[in-house]
Amino acid sequence: MPTLSLKVNGKAVSGEVEGRTLLVEFLRDQLGLTGTHVGCDTSQCGTCVVHVDGKAVKSCTVLAASCAGASVTTIEGLAANGKLHPMQQAFHEEHGLQCGFCTPGMIMAAVDIVKRNGKKVDEETIRRELSGNLCRCTGYHNIVKAVQSGAANM
Amino acid sequence: MENFNYHRPATVAAAAALLKKSKDGVYLAGGHTILPTMKQGLRAPKDVVDLSGIKAMSGIKASAGAVVIGAGTTHMEVASSSAVKKAIPALAEMAGKIGGVHVRHKGTIGGSIANADPASDYPSACLALGATIVTNQRKIPADKFFTGLFQTALKKGEIITAVSFPIPKRAAHQKFPNPASRYALTGVFVAQGKDGKARVGVTGAGPAAFRVADMEAALSKEFSEKSIAAIKVPPRGLLNDMHATAAYRAHLVSVLARRAVAAAK
Ligand SMILES: Cc1cc2nc3c(=O)[nH]c(=O)nc-3n(C[C@H](O)[C@H](O)[C@H](O)COP(=O)(O)OP(=O)(O)OC[C@H]3O[C@@H](n4cnc5c(N)ncnc54)[C@H](O)[C@@H]3O)c2cc1C
Ligand code: FES
Ligand code: FES
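Protein sequences appear in the order of chains A and B.
Numbering of the first sequence is given in our numbering, commencing with residue 60 and proceeding in unit increments.
Numbering of the second sequence is given in our numbering, commencing with residue 128 and proceeding in unit increments.
Everything labelled a hint here was simulated from the structure, so no lab data went into it.
For clarity, every value in this text was computed on a predicted model and none was experimentally measured.
All C-beta atoms, glycine included, are put in the ideal place defined by N, C-alpha and C.
Be aware that a few hints might be false.
[Stated by the list, open to error] Computed beta-carbon distance windows for the label pairs: (1) B:A191 x A:D112: 29 to 37 angstroms; (2) A:K66 x B:K213: 32 to 40 angstroms; (3) B:Q167 x A:T184: 31 to 39 angstroms; (4) A:D181 x B:A210: 43 to 51 angstroms; (5) A:S64 x B:E352: 53 to 61 angstroms.
Make the full structure from the sequences, and use the hints.
See below:
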């Protein structure tokens with residue numbers, strides 16, 4: 060089995076992977092980073108979103124082997140010094156979750172939206188750019204509010 | 128998903144050699160079609176040759192006459208490229224409507240065209256703009272490329288390296304997205320070349336992307352909504368499924384074509 064070396068949440072890690080090992084499987088099963096969820100495993104729901112080299116991607120549809128040398132950030136990598144990331148804090152304050160299953164993917168997608176569109180990103184852009192993230196509980200209103208308020212504090 | 132040998136060559140020649148050597152190999156670009164297909168067990172290749180390590184295959188070059196997009200360029204890169212936005216704004220807008228953000232960060236123009244999904248967006252742009260598909264073996268005009276449902280003119284092992292789009296006088300793209308998948312239920316790309324000739328490319332409606340000759344003739348005479356107002360596309364042979372009937376898709380072609388002509392810039 061080929062050995063894979065990459066950076067995850069700022070730390071150098073390596074592990075043995077099969078050709079078919081998905082990035083999400085490597086993160087969850089080998090590194091124990093279970094904050095990244097698998098909702099559909101068919102590229103639809105966005106609960107598995109992580110950042111690879113700064114870009115939000117669906118980790119259920121990326122081969123781990125293709126991330127050799129890359130820098131990956133998961134939901135576990137956002138909080139710094141025991142303090143929630145402004146986007147995590149905003150989801151908490153704006154009640155942007157109910158069951159919480161979609162939340163890691165939502166937050167990773169949200170951080171990516173703000174990175175590309177800036178702190179003042181408008182509601183229409185947020186709604187359009189969250190189209191790849193499904194939530195079965197909230198009805199999205201509070202998620203959108205949370206993204207807007209988190210954006211302002213990022 | 129069945130296991131396979133994973134390869135990540137750095138050059139086009141090495142990728143082609145790997146595929147040739149394999150009994151049952153497949154290329155992988157953004158993986159956003161081929162990985163779901165393999166997960167479903169519809170493909171179980173022995174070797175996967177990842178094209179994403181080939182630097183020469185990605186990037187965008189614009190000249191006075193054409194925009195050349197490397198096959199490995201992602202939809203997000205095309206959508207946000209200032210060169211594409213300036214030369215062919217309709218193409219950048221179209222790329223920005225493919226799937227969602229995460230799909231656009233991985234999916235590539237080469238993968239999209241090679242796959243020739245009847246509901247994918249790029250084929251309509253290739254036909255309407257009169258693009259040339261550049262491979263490691265030859266140059267294929269878009270008109271000869273999309274041959275049927277998931278069928279293209281590509282030979283076994285042939286690699287798309289770039290797509291060259293002539294810069295039109297004006298163009299626009301209109302899409303009626305499937306509300307669940309965001310793929311095109313029907314999409315129409317309209318372009319008027321610098322020579323005044325108009326071309327209309329349709330995706331999502333038929334088994335393969337196609338052009339509408341009647342509309343093109345009318346628009347080449349007079350590029351206005353009015354000149355195609357009465358032109359209808361026969362529903363015969365169009366896709367008919369749980370998402371929409373053939374008659375509805377035929378209707379969408381006319382509506383979207385008129386909207387595209389009105390929006391063309
Ligand atoms: C949720 C979701 C929504 C989507 N929505 C849309 C949409 O709205 N519109 C749309 O157009 N598409 C949509 N797509 C498809 C997306 O655009 C894919 O990126 C595209 O179909 C395939 O590109 P890829 O780079 O991922 O190719 P891959 O999946 O890596 O490859 C696809 C096929 O092409 C072959 N191939 C790849 N690159 C080359 C090359 N350079 N030369 C020769 N053969 C090659 C592969 O062997 C494979 O058979 C969606 C996908 C998903 C998962
Ligand atoms: S688990 Fe990856 S998109 Fe649903
Ligand atoms: S909070 Fe339950 S799925 Fe979004």
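A quick look at each hint next to the structure:
1. B:A191 x A:D112: 29 to 37 angstroms: holds (33 angstroms)
2. A:K66 x B:K213: 32 to 40 angstroms: Once the Cβ atoms are compared, 36 angstroms apart, the range 32 to 40 angstroms for B:K213 and A:K66 holds.
3. B:Q167 x A:T184: 31 to 39 angstroms: About 33 angstroms separates the Cβ atoms of B:Q167 and A:T184, which means 31 to 39 angstroms holds.
4. A:D181 x B:A210: 43 to 51 angstroms: For A:D181 and B:A210 the Cβ distance comes to about 26 angstroms; the hint is violated.
5. A:S64 x B:E352: 53 to 61 angstroms: holds (57 angstroms)
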